[in-house]
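J.: Sequence:
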Amino acid sequence: MKTKAFAAISLATLLSPAILAFGQASADAIKPVDSTADFSVIAKDPTDPTDPSGSLVLKSVPSFSFGEVKSSEIFSGFANKAATNDSTLEIDDNRLGTSDWSLTATMGAFSDGSSTTLSSDSALKFTTTGTLGETVDANIKGDGSSASIATGNAKHGNDVFAIKGTDTKLDMGANASAVLTKGQQFTSTINWNLSSTQPVASAAN
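Residue 0 is where the sequence shown starts when you use numbering that gives the first Met the number 0, and the numbers rise one by one after that.
Do not rely on the hints blindly, as some may be mistaken.
Calculated lysine-lysine pairs in the PhoX-like style (CA-CA distance at most 20 Å, straight line) [stated by the list, open to error]:
| no. | residue 1 | residue 2 |
| --- | --- | --- |
| 1 | LYS140 | LYS168 |
| 2 | LYS163 | LYS58 |
| 3 | LYS58 | LYS168 |
| 4 | LYS140 | LYS80 |
| 5 | LYS80 | LYS163 |
| 6 | LYS80 | LYS154 |
| 7 | LYS163 | LYS124 |
| 8 | LYS69 | LYS154 |
| 9 | LYS154 | LYS124 |
It should be emphasised that the hints constitute simulated quantities derived from the structure, not laboratory data.
Here the structure is a predicted model, which means the values were calculated and not measured.
Full structure from sequences and hints, please.
T.: Dropping the structure here:
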């Protein structure tokens, strides 16, 4: 943000001591005069006015890996299997006006991308706290239902959620009829949706 300030010396300081010594200056001539200093708000540098109203951006979303899972665990189901990696969720809100964003996520069933799809009775859970203070206690189910992840707390700026693998857990329901092979890999896609009641703030004058 660039600012401009204006300052002025009062007329009293422009009168020389010699003039005052002769007593020729009137009271009005040495009366102080007020000046002003001001600035206007912009969302971005005017040399780069791509989005003059600021922006709300989902800068990065996490991916999760849970390593190797025994076939017996897939058949009978498992709970609270920790992720093997740390990940990051990052939201940037530099809009004018109110910061009122909301983040949700959906997840489908795990599949090998070919012939085997596991039970949708699964859940991805993680906890974290953003750098702007939001607390997250996520529970994303594998049935495609929408899960609330985080809500803005009226603070602007770059909000980073560091998600530790030890704080990320996967639950999986029983898959007694699954046909499994050694080295088979299962993945699920997580869709993240960042929304706001005011996607574009009013531009500053």
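J.: Against this structure, judge whether each hint is valid.
T.: Structure-based check of all given hints:
no. : hint             : in the structure
1   : LYS140 to LYS168 : 12 Å, holds
2   : LYS163 to LYS58  : 18 Å, holds
3   : LYS58 to LYS168  : 23 Å, violated
4   : LYS140 to LYS80  : 15 Å, holds
5   : LYS80 to LYS163  : 13 Å, holds
6   : LYS80 to LYS154  : 34 Å, violated
7   : LYS163 to LYS124 : 11 Å, holds
8   : LYS69 to LYS154  : 44 Å, violated
9   : LYS154 to LYS124 : 25 Å, violated
In this structure, the earlier hints numbered 3, 6, 8, 9 are contradicted, and the remaining ones agree with it.
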